[in-house]
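Chemist: With the hints as extra help, turn the sequences into a complete structure.
For the protein sequence lines, the chains are A and B, in the order given. Take the working numbering: the last position of the first sequence gets the number 345, and nothing is skipped along the way. Take the working numbering: the last position of the second sequence gets the number 345, and nothing is skipped along the way.
What the hints contain is simulated information worked out from the structure, not anything from laboratory work. Be aware that a few hints might be false.
Repeated chains share a single entry, so a pair holds when one copy, or any two copies, can fit it.
[As the list claims (entries may be wrong)] Heads up, simulated PhoX-like pairs for lysine-lysine below, C-alpha to C-alpha not over 20 Å straight-line: (1) 341 / 309; (2) 64 / 329; (3) 341 / 52; (4) 71 / 289; (5) 345 / 309; (6) 53 / 341; (7) 279 / 290; (8) 290 / 320; (9) 329 / 289.
As the structure is a prediction and not an experimental result, all values here were calculated from the model.
2 protein chains.
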Amino acid sequence: MLSKKAAIKRFKKRAALKGDDAQLAERLTAGDISALSKCITLVESSNKKNKEAAQAVIKKCLPHTGKSIRLGITGVPGVGKSTFIESFGTYLTQKGHRVAVLAVDPSSTLSKGSILGDKTRMNNLSVNEKAFIRPSPSSGALGGVTNATRESILLCEAAGFDVIMIETVGVGQSETEIYNMVDFFTLLMLAGAGDELQGIKRGIMEMADLVIINKADGENLKTAKYARREYQNALHLFPLKASQLQPKVQICSSTEGTNMNAVWNTLTSFATKTKESGYFDEKRKKQAVSSLHQSIRYFIDQNLKENDELAAELKKKEIEVTHCKTTAYQAAQAIVKMLLK
Amino acid sequence: MLSKKAAIKRFKKRAALKGDDAQLAERLTAGDISALSKCITLVESSNKKNKEAAQAVIKKCLPHTGKSIRLGITGVPGVGKSTFIESFGTYLTQKGHRVAVLAVDPSSTLSKGSILGDKTRMNNLSVNEKAFIRPSPSSGALGGVTNATRESILLCEAAGFDVIMIETVGVGQSETEIYNMVDFFTLLMLAGAGDELQGIKRGIMEMADLVIINKADGENLKTAKYARREYQNALHLFPLKASQLQPKVQICSSTEGTNMNAVWNTLTSFATKTKESGYFDEKRKKQAVSSLHQSIRYFIDQNLKENDELAAELKKKEIEVTHCKTTAYQAAQAIVKMLLK
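Modeler: Encoded structure:
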């Protein structure tokens with residue numbers, strides 16, 4: 005087994021630039037995994053040249069994107085996200101699907117090392133030809149981590165992956181961001197009282213299209229079935245979602261691989277219903293527009309940071325507003341005037 | 005009793021411009037309520053000239069600001085927010101405080117008409133000399149509603165109000181905005197099972213420094229006391245707040261005016277503790293900086309909207325990204341380049 009350090013080195017080397025950039029898009033859309041890996045590295049780069057190269061590739065890939073189900077997966081640490089993804093991903097590849105797994109926040113299971121040599125996590129899926137696993141982007145990604153993840157989804161789709169799982173830890177700020185880039189949002193939970201107070205925020209529960217109670221096996225099965233009813237009742241009390249979908253609760257055992265079909269059937273039924281109603285496409289369009297506006301804000305922020313004169317003036321204005329020397333409105337007006345001059 | 009229409013007209017007239025703008029700040033800081041009312045109208049105006057006039061006044065007022073306790077008050081409709089504010093506000097004025105009440109979202113109790121002629125809400129407080137009540141700003145406020153409310157707080161402080169209550173309905177998007185402009189956040193609830201599922205979001209519970217169980221009177225008293233213990237236990241399970249304050253739960257009866265002293269003592273103890281630890285000032289500074297950045301975003305958005313050429317290009321780019329003709333990154337880059345040229 006490789007040491008962690010050696011594994012990181014190997015990973016970086018594997019992901020590093022090689023071959024002709026011009027052919028990257030062609031190789032990627034033909035399903036070449038190393039091309040996909042390389043493109044995502046470009047997308048996640050904090051180097052402007054790399055980012056421009058990535059944009060050229062993505063633009064060529066765009067006609068091949070959009071044909072997947074984008075699935076957000078969240079849950080507190082210990083709920084078994086990586087075992088679930090391993091189990092569900094394997095089930096899907098056996099059904100002929102190609103599955104990509106992306107992680108968003110640095111604290112998610114993926115980035116704790118599954119593909120960096122730690123053989124204890126997703127060891128089957130990580131060597132499965134029909135699967136692609138990618139840990140969190142570094143926080144230095146040009147355009148922001150969210151943007152990098154969004155673009156990685158597009159690249160995975162262009163490479164022929166038709167189920168994209170985006171993993172996040174359900175305790176941070178990233179859930180809303182994930183929610184805004186996926187079709188369906190899945191919350192993993194464990195049966196047993198008090199779970200919902202132990203870290204999962206109510207806001208996250210409200211986002212979920214599907215709640216999955218994991219570890220429903222052996223002695224846990226009975227409590228899991230009971231919890232399923234409880235959650236299903238609780239979810240009925242929330243206002244109806246914009247999708248008009250009533251959130252569902254499923255139980256499964258990731259270690260025994262049971263009920264994966266129930267999870268998948270729920271998701272495909274969601275997809276069918278929302279495609280029929282037009283909500284599926286409408287949501288994706290809104291997400292695209294919102295990512296444009298987010299990117300605009302990103303570039304404005306960059307301009308404020310990178311221009312020394314502006315950055316100094318902003319710092320000065322920040323001090324002025326905190327000391328009640330000027331109003332936020334007037335300070336902002338001055339900064340924007342300077343920015344646009 | 006005035007008709008609603010006549011009341012609105014009277015209110016508008018009363019709040020309309022009159023007198024010398026140059027003396028507005030002087031009159032306001034001397035405690036002149038009609039000057040305060042007029043300044044807030046200027047702050048809330050969608051007219052640029054009015055807004056500039058308002059900024060001039062606020063700038064003169066700034067040295068007199070900051071010396072209040074800013075209190076956010078939220079709760080679902082029916083929990084008794086207006087009776088609580090009436091009762092608590094009256095209690096405070098009896099103790100010699102001057103109390104200002106601002107509403108944020110259009111659905112809050114204030115804007116349902118208390119000062120627009122509806123005598124059933126806050127009828128004592130609205131005629132109390134030591135109190136000032138103001139409904140929601142119109143959504144057209146230049147700089148945004150949040151900014152208008154923030155500036156209204158400053159104006160109320162400059163006019164000598166030392167307790168500012170900002171009221172919002174605990175079901176919408178405005179709670180985070182309020183949270184970011186107050187010192188302490190108060191959640192009003194009712195005793196009785198299921199309340200927390202009936203509309204209050206968990207995220208709001210987590211924001212609360214103080215949970216107040218209202219209508220703790222008569223037959224409700226026992227359940228209220230029980231609920232108090234329950235909530236106090238539940239709040240212990242949340243991670244400790246940045247303020248290091250353990251959230252408190254108090255019961256009160258707004259109709260009978262009981263336990264208002266317990267509510268006030270809790271708040272003053274919070275204030276003492278956070279002022280000693282430095283958190284109080286630190287938070288206000290952060291809020292000021294964040295309002296500057298929010299205003300910058302506002303002005304950028306305005307520029308994108310008001311420049312016809314830019315607005316048309318943005319619309320075009322929005323369509324391009326939704327149809328996968330370009331990436332959000334490239335589209336944003338083009339827009340920002342055009343904006344800054």
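Chemist: None of the hints should be skipped; say for each whether it holds.
Modeler: Evaluation of the provided hints:
no.: 1; hint: 341 / 309; verdict: both (16 Å within a copy, 16 Å between copies)
no.: 2; hint: 64 / 329; verdict: between (51 Å within a copy, 9 Å between copies)
no.: 3; hint: 341 / 52; verdict: between (27 Å within a copy, 16 Å between copies)
no.: 4; hint: 71 / 289; verdict: within (14 Å within a copy, 47 Å between copies)
no.: 5; hint: 345 / 309; verdict: both (16 Å within a copy, 18 Å between copies)
no.: 6; hint: 53 / 341; verdict: between (30 Å within a copy, 17 Å between copies)
no.: 7; hint: 279 / 290; verdict: within (15 Å within a copy, 44 Å between copies)
no.: 8; hint: 290 / 320; verdict: between (37 Å within a copy, 14 Å between copies)
no.: 9; hint: 329 / 289; verdict: between (43 Å within a copy, 13 Å between copies)
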